[in-house]
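Going by this note's numbering, the sequence shown opens with residue 1, and the numbers climb by one from there.
Keep in mind the hints are simulated off the structure, nothing from the lab. Keep in mind that this is a model prediction, so the values were computed, not measured. Where a beta carbon is used, it is the ideal one built from N, C-alpha and C, also for glycine. Heads up, a few of these hints could be off.
Claimed, not checked - Okay, the calculated beta carbon distance ranges per label pair:
#, residue 1, residue 2, range
1, Tyr214, Ser57, 18 to 26 Å
2, Glu71, Gly143, 21 to 29 Å
3, Glu90, Gly143, 33 to 41 Å
4, Arg67, Gly264, 55 to 63 Å
5, Asp166, Asp248, 45 to 53 Å
6, Ser57, Pro244, 55 to 63 Å
7, Glu112, Ala149, 41 to 49 Å
8, Tyr215, Phe249, 24 to 32 Å
9, Ile64, Asp248, 41 to 49 Å
10, Ile62, Leu219, 23 to 31 Å
11, Arg36, Leu258, 17 to 25 Å
12, Ala149, His256, 41 to 49 Å
13, Thr61, Glu112, 26 to 34 Å
To be verified - Cut-off 27 Å, straight-line C-alpha distance, at most; resulting in silico cross-link-like pairs (DSSO-like, lysine-lysine):
#, residue 1, residue 2
14, Lys184, Lys29
15, Lys77, Lys222
16, Lys9, Lys29
17, Lys184, Lys222
18, Lys77, Lys29
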Amino acid sequence: MSDVKPPAKLGDHRILIINDDGIEAHGIKLLEEIAREFTDDVWVVAPDEEKSGFSHSISMTIPIRVRRLDERHLAVKGTPTDCALLAIYEFMGGRPPTVLLSGINRGANLAEDITYSGTAAAAMEGALLGIRSIALSQVFEIGGQVHWATARRFAPPILERLLACDWEPGSFVNVNFPDAPPEKVRRTRVTTQGRRLPGSFRPVRRIDERDFPYYWIKLTYKTGELEEGTDLRAIGEDEVSVTPMHLDFTSEPFRHALESALMGT
């Protein structure tokens, strides 16, 4: 699929909404409400249950069942990437979306979260298919309040600008709203992808009632120093983080070093 040319008017957009928290999640309903401020042509195709941490996986060894809630709302027994593929190739009547919105995720998608995130993965798939794609997440501390009002206030103007500006092919944009009420948010900042200290995910061993061991994967972020200009720094300073992400993972400095090491050039 070639890059989908965006319409001249915001009202002419065809928007596909996906998430990884499930089709009944508060964040996806909020995102649909926001999207309908731009256009009535909105489709919601999302997992029928939470698929956080499924990354860019696709269901290749099991059938994918679909439950149609109404003409433009479909619950998929699959991953966020499955949802993107089914929506674009099967459900939208041969007319692909002009923009794919993924979220609004309940929780951060910062730094290395991108490699695990189903929210980011749906946006990646959109970018691979030439569709302008944006992932959105509302940061919160586990056990604390989720400031949905922050996403509600800041998402519309950010989306309006992102839908109107020039776009690099093969890219998506990752937006995170800080863990703060709207009046405490300082500004919106364009950032780079940060990097936490190793060890944010650790297995925790437990014993069931029959004395068999089982495990939970515990999430304990270790941020270290918040480097200037990164998404981690922006969120740490109560700013909205907007990070342009490219799907070309090639490390140019390392590539040149390997050419020298392996080929003697």
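For each hint, the structure was consulted:
At roughly 22 Å, the beta-carbon separation of Tyr214 and Ser57 lies within the given 18 to 26 Å, and the hint holds. Between Glu71 and Gly143 the beta carbons are some 39 Å apart, a value that contradicts the proposed interval 21 to 29 Å. One distance hint, 33 to 41 Å for the beta-carbon pair Glu90 and Gly143, holds here, with the actual separation near 40 Å. In this structure the hint that Arg67 and Gly264 lie 55 to 63 Å apart at CB holds, the actual value being about 59 Å.
For Asp166 and Asp248, the hinted distance range of 45 to 53 Å is not satisfied, since their beta carbons lie about 18 Å from each other. Checked against the given bound of 55 to 63 Å, the beta carbons of Ser57 and Pro244, roughly 24 Å apart, lie outside it. One distance hint, 41 to 49 Å for the beta-carbon pair Glu112 and Ala149, is violated here, with the actual separation near 28 Å. Checked against the hint of 24 to 32 Å, the pair Tyr215 and Phe249 passes, with Cβ atoms roughly 30 Å apart.
At roughly 29 Å, the beta carbons of Ile64 and Asp248 sit outside the given window of 41 to 49 Å. Taken as a hint, the range 23 to 31 Å holds for the pair Ile62 and Leu219, whose Cβ atoms sit roughly 27 Å apart. Checked against the hint of 17 to 25 Å, the pair Arg36 and Leu258 fails, with Cβ atoms roughly 49 Å apart. The supplied range of 41 to 49 Å is met by Ala149 and His256, whose beta-carbon atoms lie about 47 Å from each other.
Separated by about 27 Å at the C-beta atoms, Thr61 and Glu112 satisfy the suggested range of 26 to 34 Å. For the proposed pair Lys184 and Lys29, the alpha carbon gap of about 24 Å is at most 27 Å, so the pair holds. A hinted pair counts as satisfied when its Cα atoms are at most 27 Å apart, and Lys77 with Lys222 does not qualify at roughly 33 Å. Taken as a hint, the Lys9 and Lys29 pair is honoured in the structure, with Cα atoms around 24 Å apart against an allowance of 27 Å.
A distance of roughly 24 Å separates the Cα atoms of Lys184 and Lys222; the hinted pair therefore holds under the 27 Å criterion. For the given pair, Lys77 sits about 19 Å from Lys29 by alpha-carbon distance, which is consistent with the 27 Å threshold.
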